[in-house]
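K.L.:
Sequence:
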Amino acid sequence: MKIYTKTGDDGTTGLIGGSRVSKADLQIESYGTVDELNSWIGCIRDSLDDGPCSKQLLDIQNNLFVLGASLATAPKGTKMQLPPLESNFIEDLERWIDAMNTELPDLTHFILPGGHMASSHAQIARCVCRRAERRVIELNNNDPRFSLEIKYLNRLSDYLFVLARYALRKFEKEEVKWIPNRAK
Numbered sequence: 000m001k002i003y004t005k006t007g008d009d010g011t012t013g014l015i016g017g018s019r020v021s022k023a024d025l026q027i028e029s030y031g032t033v034d035e036l037n038s039w040i041g042c043i044r045d046s047l048d049d050g051p052c053s054k055q056l057l058d059i060q061n062n063l064f065v066l067g068a069s070l071a072t073a074p075k076g077t078k079m080q081l082p083p084l085e086s087n088f089i090e091d092l093e094r095w096i097d098a099m100n101t102e103l104p105d106l107t108h109f110i111l112p113g114g115h116m117a118s119s120h121a122q123i124a125r126c127v128c129r130r131a132e133r134r135v136i137e138l139n140n141n142d143p144r145f146s147l148e149i150k151y152l153n154r155l156s157d158y159l160f161v162l163a164r165y166a167l168r169k170f171e172k173e174e175v176k177w178i179p180n181r182a183k
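With numbering that gives the first Met the number 0 applied, the sequence shown covers 0 to 183.
Source of the hints: derived by calculation from the structure; they are not laboratory data. Wrong hints could be hidden among the right ones.
Pairs of lysine to aspartate or glutamate, EDC-like flavour, derived with a Cα cap of 16 Å [stated by the list, open to error]:
1) LYS150 to ASP105
2) LYS169 to GLU102
3) LYS169 to ASP45
4) LYS150 to GLU85
5) LYS22 to ASP8
6) LYS150 to ASP91
7) LYS169 to ASP48
8) LYS22 to ASP34
9) LYS169 to GLU90
10) LYS75 to ASP142
11) LYS172 to GLU102
12) LYS150 to GLU171
13) LYS150 to GLU90
14) LYS176 to ASP105
15) LYS22 to ASP9
16) LYS54 to ASP91
Turn these sequences into a full structure, and let the hints guide you.
P.N.:
This is how it looks when you write it as structure tokens:
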């Protein structure tokens, strides 16, 4: 199988279901941002090396492929059997967030990103996740079939924030609290 097809040389790409759209289309931007997020999650998994979290991150990567397939499907649908995004994926995120939070101190300040590579990667992924969420919200405003995808991305950004804090704790690094006017 060749990687290049040349069908996109005119600036278009195919959606699942057969229709072609501009590579600048919001639908393409949405699932492209989810793909970028998935790559950052791989970086977190590589830099964290924590058994339970590594398994969670692998599950999240698989869920993001499911979410991406949904976003890559033409508005009129497809005859292909695609795996569904399920509400229990969101429940998993909530359970994982709650478990990590039991090991963390109360949050009393805003936290500046940094402190350890795993934490920094989680913070970058959180930002990309929020961008993906904004793209999907905008897409959903014109094509209301992505409400579960929005919920998943919203909860995933929460998970990534808590994971960033958890990584600092795991590597015995201090959170850098944001103190207003510190630079003065």
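K.L.:
Does each hint fit the structure? Answer for all of them.
P.N.:
These are the hints, each one checked on the structure:
1. LYS150 to ASP105: Violated, at roughly 25 Å.
2. LYS169 to GLU102: holds (10 Å)
3. LYS169 to ASP45: holds (15 Å)
4. LYS150 to GLU85: Cα-Cα ~11 Å, so holds.
5. LYS22 to ASP8: holds (10 Å)
6. LYS150 to ASP91: holds (13 Å)
7. LYS169 to ASP48: holds (10 Å)
8. LYS22 to ASP34: Holds - the C-alpha atoms of ASP34 and LYS22 are around 14 Å apart, at most 16 Å.
9. LYS169 to GLU90: Violated: LYS169 and GLU90 sit about 24 Å apart, past 16 Å.
10. LYS75 to ASP142: holds (11 Å)
11. LYS172 to GLU102: holds (14 Å)
12. LYS150 to GLU171: violated (32 Å)
13. LYS150 to GLU90: holds (11 Å)
14. LYS176 to ASP105: holds (12 Å)
15. LYS22 to ASP9: Holds: LYS22 and ASP9 sit about 9 Å apart, inside 16 Å.
16. LYS54 to ASP91: Within the cut-off at roughly 12 Å; holds.
Checked against the numbered hints given earlier, the structure breaks hints 1, 9 and 12 and satisfies all the rest.
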